[in-house]
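*Asks:* These are the residues of each chain, in order.
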Amino acid sequence: MSAVMITRKVSRKWEKLPGKNTFCCDGRVMMARQKGVFYLTLFLIIGTCSLFFAFECPYLAVHLSPAIPVFAVLLFVFVVAMLLRTSFSDPGVLPRALPEEANFIEMEIEAANGNVMAGQRPPPRIKNVQINNQIVKLKYCYTCKIFRPPRASHCSICDNCVDRFDHHCPWVGNCVGKRNYRYFYLFTLSLSLLTIYIFAFDIVHVVLRSVDSGFLSTIKETPGTVLEVLVCFFTLWSVVGLTGFHTYLISLNQTTNEDIKGSWSGKNRVQNPYSHKNIIKNCCEVLCGPNYPSVLDRRGLMLEDSTSPAPPAASAASTHKSSNPVSQTTKSSAPLILNEHTPDEAKPSIGAGPQKSTSSPKEEKPPSPTSPNAVAPAVIKESAH
Amino acid sequence: MATEFHNLQELRHSASLANKVFIQRDYTDGTVCKFQTKFPSELDSRIERTLFEDTVKTLNNYYAEAEKIGGQSYLEGCLACLTVYLIFLCIETRYEKVLKKISRYIQEQNEKVYAPRGLLITDPIERGMRVIEISVYEDRGSSASSSGSSTTSSSGR
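Sequence lines, in order, name chains A and B. Quick note on numbering: full-length UniProt numbering labels position 119 of the first sequence as 119, and the sequence is numbered without any gaps. Quick note on numbering: full-length UniProt numbering labels position 82 of the second sequence as 82, and the sequence is numbered without any gaps.
Hints in this document: simulated from the structure, not taken from any laboratory. Any given hint might turn out to be false.
Derived DSS-like pairs: lysine-lysine, alpha-carbon spacing no greater than 27 Å straight-line [claimed, not checked]:
no., chain 1, residue 1, chain 2, residue 2
1, A, 137, B, 100
2, A, 127, B, 100
3, B, 68, A, 137
4, A, 145, A, 127
5, A, 145, B, 112
6, B, 38, A, 35
7, A, 16, B, 100
8, A, 281, B, 68
It should be emphasised that the depicted structure is a prediction, and the values quoted were computed from it without experimental measurement.
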């Protein structure tokens, strides 16, 4: 009779990821929720450089060398690229444990704790691991339901456990962790160079021009210079200081988090088990190490499966979810028609209804065996960002 | 108790999920990706110890190869830095290449070794590289397997 549109909602996994991140470009970009300071950073960098190109560069290119603006452009491009790379990439977020894994861990913990007397607080959930002859304590994360790997930490702002957690940087609008630490370092390093460069050539420009026309008229001709000098002056202290601090951390193979907590400060004879005791080796590991893939599958496809007891994080307001139990039969290459309205009339006509969990197994998406191959390329592809 | 299946297809359709065993990470060498080779007792009756250990050791070797810090990784890092990391739009990183190898290896192991014994390995990358998840299936005769597979698919996604 009336044609029934059997539809299936296909969404990307990033839409259902727990945590307080924002995603853009269909999951390709991942940032923290508060992005205001990031926009400020971008504005300051682009604004100051634009002023430099507008006011200083024409004069310097003519009177000194055309290489000056060229180098400035290259440096500027590098800085912005590193900033965007740091801000937009996955810092190394550890996905939360799925229910079975969480239960398995709970059972292990209970077995290890033995009998706890009623009314007594259970012992803290800590695992001791020996790494390079050093005992490292792995803490249990109650949000993610996992024992955090060594050097991982839970970021309360993003509500994720991040591997090799360094710190959450509001200036880049993202956490800094295993995957984007080197970009963050290169960003601060190149920004220091850029700031010093602009500052130096501002001074040179003012001096050269003042020799010709006097200081006050120079300022009147190029008012942007004053602004640039101000911004650069204040930026210099903070960014150069930060670069120095991170250079120190890299040479010791420590994270900001460990430094702040004093994990390897040397008291009680604890030493950093991750350090190679060689500055060059430490630097090489952090800066030239392998490019770790993102284990958070953001762009994988997710089929709406109504038989699944919707996990709390997942369902959001997807009303269409409840209405397409049998839509899996249109599994093949039928064009997917996104249907915003819950086709209520579809439910009784389809007949199987929501309680189809015991119907034909062919409806179900086949579990793990083929999906690693389907999903892994998706993981691999998106980690290129 | 050990059930015989011919292939993965049959496993999916005629078996139901009984249990899942999780092989945890081994952190004794630091933060490199390495899994424990300790044989879990739940698999005692399902698979030979040597086969299991071989699988885990091979996976560990693959991950060690991916994370090796040496000449090739330096070259890759420096070249990438010089091109402002745009080169990764064109070429794959070494880690990604090894991950593909791992995925193929796991698929092959599932087909040849684990599925005939009613077991299935999930690629660790799908579990955040935290665990190797081994699903243990029981043959329930010809009854529908959806309850089992739906548990798997719902937990998997």
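*Asks:* If you draw a straight line from the CA of residue 281 (chain A) to the CA of residue 68 (chain B), is it 27 Å or shorter?
*Replies:* holds (13 Å)
*Asks:* Are residue 38 (chain B) and residue 35 (chain A) close enough, with their CA atoms no more than 27 Å apart?
*Replies:* Distance of about 45 Å is beyond 27 Å: violated.
*Asks:* If you draw a straight line from the CA of residue 127 (chain A) to the CA of residue 100 (chain B), is it 27 Å or shorter?
*Replies:* Violated. Residue 127 (chain A) to residue 100 (chain B) sits at ~32 Å, over the 27 Å cutoff.
*Asks:* Holds or violated: residue 145 (chain A) with residue 112 (chain B), Cα cutoff 27 Å?
*Replies:* violated (33 Å)
*Asks:* Are residue 68 (chain B) and residue 137 (chain A) close enough, with their CA atoms no more than 27 Å apart?
*Replies:* At roughly 25 Å apart (the allowed maximum being 27 Å), residue 137 (chain A) and residue 68 (chain B) satisfy the hint.
*Asks:* Are residue 16 (chain A) and residue 100 (chain B) close enough, with their CA atoms no more than 27 Å apart?
*Replies:* holds (26 Å)
*Asks:* Within a Cα-Cα threshold of 27 Å, do residue 145 (chain A) and residue 127 (chain A) meet the stated pairing?
*Replies:* holds (14 Å)
*Asks:* Take a quick look at whether residue 137 (chain A) and residue 100 (chain B) sit within 27 Å of each other, Cα to Cα.
*Replies:* violated (33 Å)
The structure shown violates the earlier hints numbered 1, 2, 5, 6.
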